[in-house]
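Trainee: Okay, here's what each chain looks like letter by letter:
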Amino acid sequence: MTIYLLCFALFLVGLYGVLTKRDIVKIILSIGIMGYATNLFLVFVGYKSGAIYPILSEGKCIQPMVDPLPQALVLTSIVIELGTTALLVSLAIKLFQKYSTFDITKIRRLSG
Amino acid sequence: MILPYFIIIPLIAAFLISLIAGKKDQWAISLSLIAIIAVLVLSVYSFIIFQKETLIYNMSGWKFPFGIVLVMDALTSFMLVMVSIISLTSIIFSVQYIRYIDMDWKYYSLFMLLVTGMNGVIITGDLFNLFVFMEIALFAAFILVAYGRKAEEFEAAFKYAVMGGVSSILVLLGIAILYSATSTLTMAKVAEELKLLNPKITLWVGGLFLVGFGLKAAVMPFHAWLPDAHSSAPAPISAMLSGVLIKALGLYVIIRIFFNVLDAPIIFTKAFLILGAISILLGVFLAIGQWDLKRLLAYHSVSQIGYMLLGLGLATPLGILGGVYHLFNHAMFKSLLFYNAGSVELALGTRDLQKMGNVVKILPVTAQTSMIASLSISGIPPFNGFFSKLIIIIASIQAGEFWFAFFAVVGSLFTLASFMKVQRYGFRGENIIEIVKEKIGWQMNIAMILLAFLCLLTSLLIIPGIKEVTLDPVVNVIVQKAQYFNLMTGR
Chain A
1155 MTIYLLCFAL FLVGLYGVLT KRDIVKIILS IGIMGYATNL FLVFVGYKSG AIYPILSEGK
1215 CIQPMVDPLP QALVLTSIVI ELGTTALLVS LAIKLFQKYS TFDITKIRRL SG
Chain B
931 MILPYFIIIP LIAAFLISLI AGKKDQWAIS LSLIAIIAVL VLSVYSFIIF QKETLIYNMS
991 GWKFPFGIVL VMDALTSFML VMVSIISLTS IIFSVQYIRY IDMDWKYYSL FMLLVTGMNG
1051 VIITGDLFNL FVFMEIALFA AFILVAYGRK AEEFEAAFKY AVMGGVSSIL VLLGIAILYS
1111 ATSTLTMAKV AEELKLLNPK ITLWVGGLFL VGFGLKAAVM PFHAWLPDAH SSAPAPISAM
1171 LSGVLIKALG LYVIIRIFFN VLDAPIIFTK AFLILGAISI LLGVFLAIGQ WDLKRLLAYH
1231 SVSQIGYMLL GLGLATPLGI LGGVYHLFNH AMFKSLLFYN AGSVELALGT RDLQKMGNVV
1291 KILPVTAQTS MIASLSISGI PPFNGFFSKL IIIIASIQAG EFWFAFFAVV GSLFTLASFM
1351 KVQRYGFRGE NIIEIVKEKI GWQMNIAMIL LAFLCLLTSL LIIPGIKEVT LDPVVNVIVQ
1411 KAQYFNLMTG R
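Protein sequence lines correspond, in order, to chains A and B.
The numbering used here applies: residue 1155 is where the first sequence begins, and numbers increase by one.
The numbering used here applies: residue 931 is where the second sequence begins, and numbers increase by one.
No lab work stands behind these hints, which were simulated from the structure alone.
Incorrect hints may appear among the rest.
[Claimed, not checked] Okay, the calculated bits of chain B under chain A, using three or more residues with CB under 8 Å as the criterion:
no., region
1, 1064 to 1074
2, 1095 to 1108
[Unchecked claim] Cβ-to-Cβ under 7 Å is the rule here; a few derived chain B residues that face chain A:
no., residue
3, Phe1058
4, Ala1081
5, Glu1082
6, Phe1084
7, Glu1085
8, Ala1087
9, Phe1088
Cβ atoms here follow ideal geometry from the backbone N, Cα and C, with glycine treated the same way.
Excised from the complex, chain B in its bound form (with noise of 0.2 Å):
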């Protein structure tokens, strides 16, 4: 069985670098490219061998609804690829960028220990697992915003750390509750259970669930955190934090718990609806006037988020399509954005747009990759972000949910705008910079190069006969929620 390995690999990574690495950083590099290239190949491979599938493991050989259960179905795999791509592309970034911090192994550690909670959250089939598996997540995110241990990286970490923990006590109230009322933890059972109780528990359980992983996928009035961690971490942790971090803490869990568990509730899918549309409107307005350049970039992951949220509360295949396909794609353009604001930072010394220019002339693999990233989030075709926006405008005009339809119009055409305003003062800027403080070197062009070919390989996912292996049964296990517990149960 290759489930627990998602777990042990970045895990085993994380406690040989602490033993083996000394002051070098050689050793933690090589041995945390290992880890994260099996757990990408090993999820490639299951992404594309168990489609049709749910795979479930016991742990230590309890049967299934005693014992922890780790499962397996399209939806996870899927996670589990994004995840480790954007993994990869980090350390090959971090290599360079994190020397020019600390020549440090604690770094890798604790990176490691982040995969290793992310994995463990999306592949876990059990709710105090679930919980403990975020918690190593949440540690490890937050030493790693402070990670340049200056006074503003402490500001923004003791803000995360906060409402991190005031939001793991809500889930973790939620799920005392869902187990009081049920009696059991396994995902699969407490579906099965709460079809027989009064419909009243899911409001009270849900709605504590959606304000505690709400606060970890940063949704409109829960986002004040997400603008000081993620501007303030380094480049690719905010990478990290900003492309996988709130999708697989925060919409991935509320995906499998509300569709999966709770059977989709009107009631929550028209919030998720009004908390899209918000985090739409209201982030990119913030957005648009910022100066910094991470910061401005932290902004438009709450109103891309939204976007992912819009597309769910549709609650139809088509909306969840788009929801999902944008959730990937955007995982890859903002990565990409916080590399190039990393390495612009790196040789020019500042993150202020009116300070920067002609990075074209200086970085040109920043300044090119960067405008394909613009161009994804503003959604221009041919790139991914195209298609997932277009998708998720359809599938609300078909809704008739046409004021949302607008709002998703309006909020693209705002991103394109402060996108623009980007690369007209940033990078096509007028200002002539000759000293470049800190070479950039190979990794880093590898690593935007790498995501910025993924930007336009990630398009052809929506083409008739790829979209049939890839998309559909990621799809297809939201749909049809009851096929969750059905095929766990045996029946």
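With the rest of the complex left out, here is chain A (with noise of 0.2 Å):
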């Protein structure tokens, strides 16, 4: 349970930052660490203590496996987290370009 709640804070910790960080590189790592939370609680989700990788070889008796099916999911959500991480870092680039200032505040020029 305590591994439960320490992941839901990692989670918590996330999204304080995206929501009170002014810096545009911040932002980005707070939804990095949102993004690990989840993807730890998914493994969390299909890990038993006490048991063996999911591969029935010669030789090996049955016993209690790990679920393999969140690995495969959190594979595949880290490949995507990695897509949305470098888009955001190539428009954070784009923006300071044009903007010359990572601050969420001096980036308003929209508005209303």
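Two chains, two separate frames, one set of hints: put the complex together.
Mentor: In structure tokens, the structure reads:
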């Protein structure tokens, strides 16, 4: 149970960062932290203590195995997050070229 | 089986365009047109032929509860028809408009990826697969919003990307919780397993999904990104985002998950009602003060999404009919309005309503079609917006929700007022403008005329006789929630 709460705390750290930070880079990092917490939670879902890896080979008897599906999901979601982060960073570079600042409060030509 | 082709055709087109299209965009245009027409023909065909049955396709042969399934029922093909109609007109409109920004094949490639993502979200029957397709569509959307490479566009795209990223993570968290509770990701199986479990899980998961997909659908407290992103994007992309993306990624998934999977818990349908009413009123109040034409239209998207959510939240067959019908109609007239805004921006070089004038003289097609679209969105008979709004209002009176009916009427009146402002100051304004920066070509005019006709034509969908074969099967899918997984599990 504690481990789930810690994972949730990590998620909230990320959410707090997204909501309160003014620096664009810090916002991108906070989104990353939220993603890590979610991936961690997915791995926890499939984990069983004392279980083995789910490959049945010769000379191995059947015993409790960890769930392999969440691991596959996490791999996919890590790749997706890599893409999101790369896109956000490239947008941040472009924003810096246009506005020459990383402060989100100064980047506001759109309003109303 | 035709199910995978809805994903394969645009995906192959996207890669082929990036492979063979050179400096000129002729190849890119013709390839994307062929792909979209193929998808349109397929979706119309499946909407007519497979109305009463549910088609299931097992990806790579994995049997039903284990592998990824693609599912097609009336609601799916209804949404596919809507997406492909708007995509077709949007490509036709882009031919001239995008050349004005940049002559580039990348646009068409990304556009095809956007269509792939939306078709995938609509057709999939697997929760994680839905997440993956949603990300594909969002990626393409982020880049297309920033396509003009101006400072404001990067700002809007960044805002959109941050909001989209957060909402995707919330959705993924909801999917993880659902998986841990039910040990399956197939929607039909999840729906079956959830019945045996503690209803508190439904509350947790529903809350996460409501925020996650609410952010994508731009329902009122989560709307902050929409006016920026939709007003900064190039006009055909604004039409795609406002017309279909917020519905395919937001409302369609909300319908599918809350009605078919979570079995429409009362607390969430009540939340839909309240969020819908807030969206209707605040969206229209914010819209009426805008002078930037595209920004005004973007705020109206928030308000109109409120109508659809209100209809769905009533959870009566008539209310759902109104919601689904309005969803289709809104795609038609809102895309048309964004095309009008785009062609005015191209010809006069401004989006400010106060600087426009005598558009009727210089751009007759734009002015006349914008009149049709304005009448549709404000709910004037005989255009389609009138009928869907009327159904939603009647349904809320029938359900005994008089206040919500009142809010819907008030919202409609203010919509009329703000579009009178658009027509009075913008298209029929007093400024005399002589110089036209750019001539509006026949492609743009065709796209606008096509949608103007559809605005009139879709009002026929409500006539008894046509309604039974078009809208009623869709409503049936949503109302008979359990049928979805009964059909799939083969009972």
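Trainee: Out of the numbered hints, which ones does the structure contradict?
Mentor: No numbers; nothing is violated.
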